[in-house]
Every structure is written in C-alpha cells, then in structure tokens.
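Chemist: Listed in order, the protein sequences are those of chains A and B.
All residue numbers for the first sequence refer to the working numbering, where the first residue is 1 and numbers rise by one.
All residue numbers for the second sequence refer to the working numbering, where the first residue is 1 and numbers rise by one.
If you're looking for bench data, these hints aren't it; they were derived computationally from the structure.
Be careful, since some hints might not be right.
[Said to hold, decoys possible] FRET-style restraints, in silico, Cβ to Cβ: (1) B:Asn-71 with A:Asn-18: 29 to 35 Å; (2) A:Gly-59 with B:Leu-98: 31 to 37 Å; (3) B:Gly-40 with A:Lys-68: 25 to 31 Å; (4) A:Asp-17 with B:Thr-112: 27 to 33 Å; (5) A:Lys-71 with B:Arg-57: 21 to 27 Å; (6) A:Asn-67 with B:Thr-112: 28 to 34 Å; (7) B:Leu-98 with A:Asn-22: 24 to 30 Å; (8) A:Ser-12 with B:Pro-70: 47 to 53 Å; (9) A:Gln-45 with B:Thr-110: 21 to 27 Å; (10) A:Asn-18 with B:Thr-112: 28 to 34 Å; (11) A:Gly-16 with B:Pro-70: 28 to 34 Å.
[Unchecked claim] Residues on chain B that point at chain A, a partial pick, calculated with CB under 8 Å: (12) Ala-38; (13) Pro-61; (14) Pro-62; (15) Phe-64.
[As the list claims (entries may be wrong)] Some chain B residues flagged as far from chain A (calculated, every beta-carbon gap over 10 Å): (16) Lys-13; (17) Val-19; (18) Gln-48; (19) Glu-53; (20) Gly-56; (21) Gln-101.
Every value quoted in this text rests on a predicted model; they were computed, and no experiment measured them.
Built from N, CA and C at the ideal position, the CB exists for glycine as well.
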Amino acid sequence: GESVGLHLPTLSVQEGDNSIINCAYSNSASDYFIWYKQESGKGPQFIIDIRSNMDKRQGQRVTVLLNKTVKHLSLQIAATQPGDSAVYFCAETSGRGSTLGRLYFGRGTQLTVWP
Amino acid sequence: ETGVTQSPTHLIKTRGQQVTLRCSSQSGHNTVSWYQQALGQGPQFIFQYYREEENGRGNFPPRFSGLQFPNYSSELNVNALELDDSALYLCASSRDRLGEQYFGPGTRLTVT
C-alpha cells in the first residue's frame, strides 16, 4: 500500500553532534521524497528533497540518502544545533497516476538537541 | 514564513456542528492541498484543488468538502462534526499540482 513510516519516534543528540533520522516507505511507484521540519505551533517546513533517480543530495548542513533497494530514506543533519529541535517528517509522492501531487507523510521523529 | 495564511488559528466546536476553515495561497500559486494532522501523527491528505477544480481526494468521507476561488484561496468545510475530527488542519499551496508545497501554520480544531 501507500505508506511512509519512521523507525524511531524520538531522537536526542548533543549540540554539535550529527543526527540521522530514518524513514521507510512501501510504495515502489513513489518517485519524489521530501523531508519536512515542523516546529511547535507551525506548519511543516521544507528542508530538502530527492528524486528517485538519485541516491544522495546535499544541502546546507543536511544530506538526504535514498536506498531504493530497501525502500529507505535518511536525513543527516551535521553539527546539530538547538534550533534544529523539532519534529521531522519524511513524505513521498508520485508525479504520475491517480495520486499525482499527493504527499504521504509518516508519523514523524521528535529531535531534541541538548546543549 | 511561506506566505500561506490560514484562519482562524484556533476553533472550538460541538459535535454535530459545521465548520469552515480558510486558506490564502501564496502569490503565483494555483493549487491548494488540505491535510489533517491528528496529535502525534503525520499530516493526512484530504483533497487538492487545482484551478478551482477538485484534483484528487484522500480517504475522507463526503462531509469533508472544499472550494477554491478565482483568486486561488480555498475553504475546507466539515459537516456533522465528530470528536475524531479534532486535529490541526493544514493547507499548502503550490505553483501547480506537482510543485513544492508550502504550508500554512494550520487551524487547530477542537470538537467537544
């Protein structure tokens, strides 16, 4: 079916350490994946995306890795800062078919950064 | 800030009542998608409007309905409210059906 899930509901890291947030997806037809950050009282904020024809994409302090063989997605945050504390969601979508443009979200991972 | 606004911010309704939530899309965007986010869960797709037409619907009953206006702002209507409708309702606008979706801050609906 079309579902996106996360391995860990919570993650606590020390400021300055690297964070890795994982995500599993089940829909082989998904061809576009996005990571969102959601702070308390706010809507999801785009962090980084990756298309299914790529394995890795880097942004500023963030890297997304896609392993299509095992349907796994990860978000790496370098030198994690207190401002990174939030809930992180992965979402998947397809650019074709009846579900075109719909985002399917997982439950989310609460990242807490300790000083 | 994404430029997507939603009103009201918070709302308390009684079971059986009806509610209308509003969303103003970002300038230049012609597509609005609505999501329901229950506490501790990820957002769930309700439906999408593209150029004033419904363009896909998630697994929500017909008492969830919507509308998109010529200026591409949108409304979400929910009839016969149930306790389980309590959630954060998010709208997201995009340049087109496949474009990056920019989320508003959401409307927190509580049904008692």
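Chemist: Per the hint of 28 to 34 Å, is the separation of the Cβ atoms of A:Gly-16 and B:Pro-70 within bounds?
Modeler: 51 Å, violated
Chemist: Could you check if B:Pro-62 really has its C-beta closer than 8 Å to a C-beta on chain A?
Modeler: 18 Å, violated
Chemist: Using the beta carbons of A:Asn-18 and B:Thr-112, state whether their distance is inside 28 to 34 Å or not.
Modeler: 44 Å, violated
Chemist: Run the C-beta distances from B:Lys-13 to all of chain A and say if the shortest one exceeds 10 Å.
Modeler: Nearest chain A Cβ is 20 Å from B:Lys-13, so the label holds.
Chemist: Is B:Gln-101 truly not at the interface, in the sense that its beta carbon sits beyond 10 Å from all beta carbons of chain A?
Modeler: 6 Å, violated
Chemist: Falls inside 27 to 33 Å, the C-beta gap from A:Asp-17 to B:Thr-112?
Modeler: Taking Cβ atoms as reference, A:Asp-17 and B:Thr-112 lie about 43 Å apart, which means the hint is violated.
Chemist: State, for the Cβ atoms of A:Ser-12 and B:Pro-70, whether the hinted interval 47 to 53 Å holds or is violated.
Modeler: 48 Å, holds
Chemist: So does B:Leu-98 sit 24 to 30 Å from A:Asn-22, Cβ to Cβ?
Modeler: 26 Å, holds
Chemist: Could you check the hint for me, namely that A:Gly-59 and B:Leu-98 are 31 to 37 Å apart, CB to CB?
Modeler: Violated - the Cβ-Cβ distance for A:Gly-59 and B:Leu-98, about 20 Å, lies outside 31 to 37 Å.
Chemist: Grab the minimum beta-carbon distance between B:Gly-56 and chain A and tell me whether it stays above 10 Å.
Modeler: It is violated; B:Gly-56 is separated from chain A by about 6 Å at its closest Cβ, not greater than 10 Å.
Chemist: Checking a non-interface call: every C-beta of chain A should be farther than 10 Å from the C-beta of B:Glu-53. Is that right?
Modeler: The claim holds: B:Glu-53 sits with its nearest Cβ about 13 Å from chain A, beyond 10 Å.
Chemist: Regarding A:Gln-45 and B:Thr-110, is the given constraint of 21 to 27 Å on their beta-carbon distance met?
Modeler: 24 Å, holds
When each numbered hint is compared with the structure, violations occur for hints 1, 2, 4, 6, 10, 11, 12, 13, 14, 15, 18, 20 and 21.
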